[in-house]
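Enquirer: Chain residues, written in single-letter form:
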Amino acid sequence: MNFLNTAAEATAASAAALASSDGGNTMTITEALGLSVTGIAVVMIILALLAVLVVILSKIVRFFEKAARKKSDKNAAKSEIPQTKAALNAKPEVGKTVALDEKQSAGNLELYKTDEKTAAVIMAIVSKESGIALNKLQFNSIKLIEK
Amino acid sequence: MDIINSIIEIFQTSGFASLSWQNWVMILVSFVLLYLAIVKKFEPLLLLPIAFGMLLVNVYPDIMYDPLAIATPGGEVLDSSAHWYDSGVLRLIYCGVKSSIFPCLIFLGVGAMTDFGPLLANPSSLLLGAAAQFGIYIAFLISIATKYIPGFEGFSTLEAAAIAIIGGADGPTAIYTAGKLAPHLLGPIAVAAYSYMALIPLIQPPIMKLLTTKKEREIKMNQLRTVSKAEKIIFPIVVTVICVVIIPSTAPLIGMLMLGNLFKESGVTERLSDTAQNALCNIVTIMLGVTVGATAEGKTFLDLKTLLVIAIGLIAFAFSTAGGVLFGKLMNVITKGKVNPLIGSAGVSAVPMAARVSQVEGRKYNPSNFLLMHAMGPNVAGVIGSAVAAGFFLLTFGS
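Sequence order for the protein chains is A and B. So for the first sequence, this note's numbering puts the first residue at 1; every next one is plus one. So for the second sequence, this note's numbering puts the first residue at 1; every next one is plus one.
Please note: incorrect hints may appear among the correct ones.
Listed below are the simulated DMTMM-like cross-link pairs for lysine to aspartate or glutamate, each with C-alpha atoms no more than 25 Å apart in a straight line [to be verified]: (1) Lys299(B) with Asp2(B); (2) Lys113(A) with Glu129(A); (3) Lys78(A) with Glu65(A); (4) Lys66(A) with Asp62(B); (5) Lys136(A) with Asp73(A); (6) Lys136(A) with Glu110(A); (7) Lys147(B) with Glu31(A); (8) Lys229(B) with Glu110(A); (9) Lys98(B) with Asp115(B); (10) Lys59(A) with Asp115(B); (11) Lys232(B) with Glu65(A); (12) Lys338(B) with Glu218(B); (13) Lys220(B) with Asp115(B); (14) Lys117(A) with Glu146(A); (15) Lys305(B) with Glu129(A); (16) Lys232(B) with Asp86(B); (17) Lys299(B) with Asp274(B); (18) Lys229(B) with Asp73(A); (19) Lys232(B) with Asp274(B); (20) Lys299(B) with Asp66(B); (21) Lys364(B) with Glu216(B).
Stretches of chain B that chain A covers, calculated by requiring three or more beta carbons in the stretch to come under 8 Å of a beta carbon on chain A [as the list claims (entries may be wrong)]: (22) 130–142; (23) 147–158.
In short, the hints are calculated from the structure, not lab data. C-beta: ideal position from N, C-alpha, C; glycine also.
Build out the structure end to end from the sequences listed, making use of the hints.
Expert: See the structure below:
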């Protein structure tokens, strides 16, 4: 930025000299042309500098935002584990809808008079017997059939 | 007899006896501007108050009367009992223009209304905003060259710089610069700047059409990326520091513009942002528009200098538009056809009129094209560009 300051100061000094030499009246076309070229160059340089800064700024901000997002995803994944454990110990409720982790299976599972521990065992058996990974299976409901 | 005397007296004090032909010409001009504002809807928010101010001052010139301005060449006021409050009502309001308070407040409002997102998503649009300042320097050269007109003494360097800023298509910047460099030309410069800004939908399209091919005008641009809130908050702070450190004289304009924008983007000053972009901006626009129009009093307005200012202003606008479009063409070549050159014309600041013109022209040739957001980038960059150009002149010629 120093060079820009110097350029601007030099232009100001030369213009002041011109102004004093002609009593502040007019400059010649050649002088005006020189000043115009300097002027448009200064505008171009400052705005180009801003453009470069915007690019750098955007990259820095996006880097930090990405890092922050990754961190929050990790924290969210960690906080989900105790919830699952708590859910496994919970008592069965009639018609309760349980949203399972994506890594376990897709969609919502409705349990009718079945506890979640039993449901998890049933799902694991189905996956093992069918040879289909659990996350490729979708269970809609598990219902206890009473005799 | 008394009745006849009264009638004679009424006639003598009426405008029919006191107004000059120049006033009547300006009244006609104001009618044309009112027609354009109301019927053609050319930026009515600006043009209507300007046109009405013009009408008012020409039917009643004393509304801009300034007793303190009637002075000896040495600056001694002739009427020693005169006070500032004896001035015409519009002259009193005009103090806000002369003192540069209104332009700065308008910039505050513009900043609060501006979304720099498109510019941040496509930083190269800053270069388009810079290229569209080309007309400023052409106008400067032409103003200097007027000394070669036979019988005309020419514009001084300071006057030429003040006139040149009309090419930035930014009313507040033009007023601010004229107030500092050539206050006696403030009226014509302000009228030219605001009138041409309002007439942008008429001035720009033929130039855009002339400088681009049909194929270029049909180019569809890719959707811009989403810009995060953090980027939008940091940007006004960075711009203020960079611009003001390099050219300190840009501080009042850039500072107010970026303050307004920070009000909007920070999200913690909603009331201030709302006031800046609505109530404050509207109030200042009314006062600025009417008083700027009121500087166009026929007897003083219709002279060669004023007419030259108006003519050079139009040339400046045309060259600024051309500069933006030509740079847009260059960017189109560099990016291998990804930039529609029509967005370059929006680099003249006039926010958001110039961007709207790019959008309208783009859709004429490709109805599925949506250039508005792409044009907003150069458009807001133009505001910064014209403020920097003005700052350069102030740094160079300011005392």
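Enquirer: Check each numbered hint from earlier against the structure, then list the numbers of those it violates in ascending order.
Expert: 1, 4, 8, 9, 15, 16, 17
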